[in-house]
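*Asks:* Sequence:
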Amino acid sequence: MNYDQIFQSAHDAFLHFKNVSGKEKGEFLKRIAEGIEAEKSTLIPMASGESNLPEGRITGELGRTVGQIRLFATLVEEGSWLEAVIDHADPDRTPAPKPDLRRFLTPIGPVVVFGASNFPLAFSTAGGDTISALAAGCPVVYKGHPAHPDTSKLVGQIIQKAAIDSGLPVGLFTHVEGGIAEGQALVKHPLAKAVAFTGSFTGGKALFDLANQREEPIPVFAEMGSVNPIITFKKKLANNLEVLAKQFVGSLTLGAGQFCTNPGLIMVPSAHAEDFAEAVKKELEEIAAAPMLHEGIAEAYYKSLESMKERKELDWVQVAEAKDLIKAYPALAKIKATDWLEDDHFQQEVFGSFALMVVYENFNDLFAIAQRLHGQLTITLWGEEEELANKIDLINQLEEKCGRLLFKGVPTGVEVGHAMQHGGPFPSTTDSRFTSVGSYAIKRFARPIAFQDMPATLLPDALMEDNPLGIWRMVDGEFKK
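In terms of UniProt numbering, the sequence shown opens at residue 1 and continues consecutively.
Read the hints as simulated data drawn from the structure, not as lab findings. Heads up, some of the hints might be wrong.
[What the hints assert, rightly or not] Below, computed lysine-lysine pairings styled on DSSO-like, alpha-carbon distance capped at 30 Å: (1) K235 to K481; (2) K205 to K236; (3) K443 to K236; (4) K188 to K236; (5) K234 to K443; (6) K40 to K327; (7) K408 to K282; (8) K205 to K234; (9) K205 to K281; (10) K98 to K153; (11) K443 to K481; (12) K188 to K481; (13) K153 to K236; (14) K236 to K161; (15) K234 to K336.
[Claimed, not checked] The calculated label-pair distances, taken between Cβ atoms and stated as ranges, are: (16) P468 to E182: 40 to 50 Å; (17) E182 to Q157: 41 to 51 Å; (18) D150 to E386: 50 to 60 Å; (19) Q397 to D431: 51 to 61 Å; (20) P448 to D90: 17 to 27 Å; (21) G179 to K312: 17 to 27 Å; (22) R57 to K408: 39 to 49 Å; (23) D453 to E400: 38 to 48 Å; (24) T94 to E465: 20 to 30 Å; (25) T74 to G178: 29 to 39 Å.
Each residue gets a CB set at the ideal place from its N, CA and C atoms; glycine is no exception.
Work out the full structure: start from the sequences and follow the hints.
*Replies:* Quick look at the structure:
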């Protein structure tokens, strides 16, 4: 595989694509969405067969995929995401004249994207990482995931066709197959300017370390999952115990627990611990074992459970036996808050439908847990409004530990929109300042550049005096159109 040729082609495409108008970028993205919809009768059974996910789930995922593509198309066509800022010159200012300064966001260059195993469409070839990079103006060198190779290749062909039909360079998107060695080679190539990854902590951290060992370090935007704690309070449980148990189990076992927002940790007050555990157990007994993505993931799930079973601190409510090499049987164990606080091992994610119930005695326990928590994608609070009103110190502490704080519902189900934050403090991601879902994901692949006293004839459209794009800009300290 000639990586130099791949990246040179991507770099050449970048020099052209970064100057393409937002309208043209939007049309290109919409062609991708249309191409995916046109192939859905082939893609849905193909992705289902390769991932063991039911066709209904893949159908919903396909809808989400094209929806987020169109979201970015609308975003780049409108253009305000460029954060254009103009400070006009003041030659009469004393003691020194003020120069004309204009600033906006510009794309960073070729981006290496790694596909995720658990979302063969929405977090893979034409997923949020690829589409947000293309929307920003960056070519993508995509490393296909071996768990769904045919799906990945077909979607890659759709993207390449959309580029050709849009009159754009072929080097705008390249699909690469292979394993760890190929992935490392992509990250190390000197023309790569950023990396996007969704997957395990081990994989994400390895890429992060590799990128920082380069002669020119580059950013790695790795979403590595978390245990997404749910914190419950007395009154809320007393009033809604069975309903909440059902919601928790539904979220825990959704997709065999193979979601980065799977609630793998739940804090329950001791006064309701037995009743809640019983209600959860009752719900779990009604859940049929579901096939996991592949045997390797199923094997890792049961291996993690076996390791947990060796811990004497745990009281098992529901034990999962490896009756099937591919299916995930859900499991739940209880632990006292005092024991949980003693060992960070109990914060490690088990990828699958397993959760740890932490039984706490009082607010001091909860606050200590909040202080000890690792960085999370999400934290959920189940409490009545009056219970939460005097918990501001706890909420303030929890804000430092997550990217999304929920006050109702469950963490699974990530809305694709402008206000979504899918990313949190390390180790849930490598950079908590960014999201990998929603329109703000585009900011990962752009950098600010300022022009001082640039001749008007050379200014990019976003910074021209008459604002031909009609976008919101900050002009001399005021937002204007």
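*Asks:* Are the hints correct? Go through all of them and say.
*Replies:* Going through the hints against the structure:
no.	hint	verdict
1	K235 to K481	50 Å, violated
2	K205 to K236	38 Å, violated
3	K443 to K236	38 Å, violated
4	K188 to K236	51 Å, violated
5	K234 to K443	41 Å, violated
6	K40 to K327	27 Å, holds
7	K408 to K282	22 Å, holds
8	K205 to K234	38 Å, violated
9	K205 to K281	35 Å, violated
10	K98 to K153	54 Å, violated
11	K443 to K481	21 Å, holds
12	K188 to K481	42 Å, violated
13	K153 to K236	48 Å, violated
14	K236 to K161	53 Å, violated
15	K234 to K336	17 Å, holds
16	P468 to E182: 40 to 50 Å	43 Å, holds
17	E182 to Q157: 41 to 51 Å	19 Å, violated
18	D150 to E386: 50 to 60 Å	54 Å, holds
19	Q397 to D431: 51 to 61 Å	21 Å, violated
20	P448 to D90: 17 to 27 Å	22 Å, holds
21	G179 to K312: 17 to 27 Å	39 Å, violated
22	R57 to K408: 39 to 49 Å	24 Å, violated
23	D453 to E400: 38 to 48 Å	42 Å, holds
24	T94 to E465: 20 to 30 Å	25 Å, holds
25	T74 to G178: 29 to 39 Å	35 Å, holds
Violated hints, in rising order: 1, 2, 3, 4, 5, 8, 9, 10, 12, 13, 14, 17, 19, 21 and 22; the structure is consistent with all others.
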